[in-house]
Amino acid sequence: MTHAATIERALLAVFAVGMVAVPWLVPALFNQFWVSVIAEILIWSLFAASVNLLFGYVGLLSFGQALYFGFGMYGVAIGIADFGLPFWPAFALGILAAMAMALVTGIFAVRLTWHYFAIITVVFSLIFYFLALTNKWLTGGDDGINFTLPPTFQLGAWQLSFTDATFQYLFILATVAFCFWLMHRLIQSPLGKALLAVGDNDVRAALIGLNVYRLRLIAFVLAGFLAGVAGALFAFFGRYASASYMFYHVSGEAVVWTIVGGAGSLLGPIVGTSIFIFVREVVSSQWEHHELIVGLVAILVVIFAPKGLVGLWRDWLAALTEREPHAKDRLQVEPTSKS
Amino acid sequence: MVGTVLTWATLQQTGEFWLAFLIAPLIGFCLGAIIQRVVIQPTSNVAALSIVATFGLSLILQESVRLTFGPTPRRILPPIQGTFSLFGIDYEIYRLFAAMVAVLALVGFFLFLHRTKLGTWMRAVRHDRDTAIAMGIPAQRVYVFTFAIGFALAALGGVVAAPITTVDFRGGVDILPFCFMAVIIGGLGNLPGTAAAAILLAVLEGIIQSFADPTAARIASLVLMSAVLLLRPQGLFKGLTR
Amino acid sequence: MSEPVLHIEGLTKRFGGLSAVDNLSYTLAGGRLHAIIGPNGAGKTTLFNLVSGLLAPDAGRIFFCGRKISGLKPHEISRLGIKRTLQIKSVFPRLSAAENLWITAQAENRFLHPFRAAAQDRSIAEKVDRTLERVGLAHLAHRQAGTLSYGDVALLEIGMALISEPRLLLLDEPTCGMSPAETERAVENIRAVARTIDIVIIEHDMEVVFEIAADITVMAQGAILASGSPQEIAADERVREAYLGRPEDEDYVEEAAHA
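Chains as they are written, first to last, in my numbering: chain A, 1 to 339; chain B, 1 to 242; chain C, 1 to 259.
For reference, chain A alone in the conformation it holds in the complex:
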């Protein structure tokens, strides 16, 4: 393993330990409020990861992931508020609804590429946003649905529920971490390599026999899964669902977070999301025009660090640790003796 990879592994381990310790560390050092902020960052990172899977790996820029987030969110909310479902069935409903929606819209969307794909994802999400807005009987429109959360685990009189802030945080952390682990395994797998090939060079992929359409559709549904889980977690977290979270602005923000963090890297979405949400929380308490900073950061990163912050970090790390880059792979001068 290269030095760079070892360093990254070590940092990751420290980071993981830190994340688990948050519910105890953060209130001691700062304030209980920040635990919720970090929990929210985790949820939104997962949402950004759905954008990243499509864009960073398969080369499809989707501006409509908020649609599947919304289905995950509403699946849970409607399941609990209208059908009285307990925790886990509601969770499943949200995820399945998101994936089903991704399948149905993906069948059409994936037939297009480049800017047409991006546009149609926005269009689909806008259609459902407006439908959600107007069908207030089902969705509560912009005001949304509020509900009380059933417990997550129940054994007789003992129960664990999101009303316990520590449990809430740890559950979200566990779910998000699990999803990222799934993505990690996916990238290493045969399917993952095929997706990367399609993202790299779709013409070449078709020429070697890969069914590009089917692979893109699979990726789209998987991204829908991730967005749906994020949406469901969000509903549990806030005990609340609202159509305003299906607006294209939400999708757009996730795209910005992903690209600033570093598209095509596993942790890019987490980095990007954290920065923007931290800026939002820290600055907005002092100054209400924090969006100016968001816009500025987005433009600066895109101009000066097009591979995102993770890309910047990796380049810097590689320059630091490899003293003689690829020495043994230098061009061999071959003795030519043409007859």
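Hints listed in this document are in silico derivations from the structure and should not be mistaken for laboratory results. This one's a predicted model, so the numbers in the text were calculated from it and none came from an experiment. Hints are supplied without guarantee of correctness; some may be wrong.
[Said to hold, decoys possible] For each label pair, taking beta carbons as the anchor points, the in silico distance ranges come out as:
{"#": "1", "chain 1": "B", "residue 1": "71", "chain 2": "A", "residue 2": "8", "range": "38 to 46 Å"}
{"#": "2", "chain 1": "A", "residue 1": "136", "chain 2": "B", "residue 2": "204", "range": "48 to 56 Å"}
{"#": "3", "chain 1": "B", "residue 1": "110", "chain 2": "C", "residue 2": "180", "range": "52 to 60 Å"}
{"#": "4", "chain 1": "A", "residue 1": "30", "chain 2": "B", "residue 2": "199", "range": "55 to 63 Å"}
{"#": "5", "chain 1": "C", "residue 1": "191", "chain 2": "A", "residue 2": "315", "range": "38 to 46 Å"}
{"#": "6", "chain 1": "A", "residue 1": "6", "chain 2": "B", "residue 2": "109", "range": "56 to 64 Å"}
{"#": "7", "chain 1": "C", "residue 1": "108", "chain 2": "A", "residue 2": "88", "range": "36 to 44 Å"}
{"#": "8", "chain 1": "B", "residue 1": "204", "chain 2": "A", "residue 2": "315", "range": "21 to 29 Å"}
{"#": "9", "chain 1": "B", "residue 1": "204", "chain 2": "A", "residue 2": "305", "range": "38 to 46 Å"}
Beta carbons are placed, not taken as given, at the ideal position from N, Cα and C, and that holds for glycine.
Got chain A; can you put chains B and C on it based on the hints?
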């Protein structure tokens, strides 16, 4: 949005609405040129990056306006008051005036594209950038100019629209999907097509709105747009370009 | 004698007012290495694009071993056994050289496992190693393909063509951009492969063409100008005029004509 705000500002400073017709497009032009050099050019290689950049840009514009202008929407009275009757329905004269300005601007721009040297340069660069450069056209400067003109036209639209809608820092958000739809349905790079599509959409939405609510109308336009994207991505009015 | 490997009837492809391929008919019986040469713009790559399904013909039909393939999608044609390389060398930059070969070998699997690690299938791993050895890229196996030199990418492309065990291999200017040593190696590989696989190769390097081709077809302006053995082609006046009349190629041409 910037156009509407500049109009309001001009009115406040000078008390003359008509001055805005000069000032807003001018400022729009300069702003467009600057933005092209600073933001668009460095990111034009990778489409995704320029999308993020323009998204960031829209945030900056919006917030700067909110910072200086304030969050409350303002109204401007139309400079031409009064109505006239046509087939028993009353129309505001100002709206007629606005329509005339729009038509004039469109026709003017179309003539510019097809009759002037600069307009032809713009079309050439769009068709085949490398050949255009090989023939001595300064493609980079054409891009700057194109962007600047786009901004100026949008600002002009803002000036005209200001008395009809409100002056609000969020003004850009509402109109954006409509513009997208018109461009896609009309066909990218197809000016008459886009104009036709915009009219088509407005009429369509107007008709639907008479028996359903505005959101249903918007949904119908979006469904039409999806159909076009899937079945005829070059736009419905391809035949109208030369 | 069984069906010809490739049979093309009246193939036409127009771009705007230009006929890139003009009512072309061609039969490849099989068993001999076939080269297509011709000036730039003759339609050679367009022909390959039509056969491999990247372009749809405006008229005409293409048959592969008796089966009509014109109108099929590229990945379907690929799965039937026709593989090709591209004129501008392109592989999968984010995957390593070994992974490029691996994914080519795996591409036809209907089911790609989503979670098992890719490295586990032994038989395919061995194939990948052997192919890397053959094209001389074993020392670069784990380098990202995007960081390889142009010549190495060309070798990798040939490797990818080999590992896919095609029935018909279309090579589009395989030695373009290679050093003399790399060209040597590529030619050896192509010759070895041609013993068991039918190959059609587009080439501009006349030395390579006259060294390995058993049959040569000359294209110009979308149609076939002449077709035959290297000696016949070298002696053909029309061909000389249209294409071969260049000083640097004269030695090989003279040699072949009087062979």
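Against the structure, the hints:
1. 71(B) with 8(A): 38 to 46 Å: holds (44 Å)
2. 136(A) with 204(B): 48 to 56 Å: violated (25 Å)
3. 110(B) with 180(C): 52 to 60 Å: holds (58 Å)
4. 30(A) with 199(B): 55 to 63 Å: holds (57 Å)
5. 191(C) with 315(A): 38 to 46 Å: holds (43 Å)
6. 6(A) with 109(B): 56 to 64 Å: holds (60 Å)
7. 108(C) with 88(A): 36 to 44 Å: holds (40 Å)
8. 204(B) with 315(A): 21 to 29 Å: Violated - the Cβ-Cβ distance for residue 204(B) and residue 315(A), about 51 Å, lies outside 21 to 29 Å.
9. 204(B) with 305(A): 38 to 46 Å: holds (44 Å)
Figure legend: structure checked against the earlier numbered hints; hints not met, in rising order: 2, 8.
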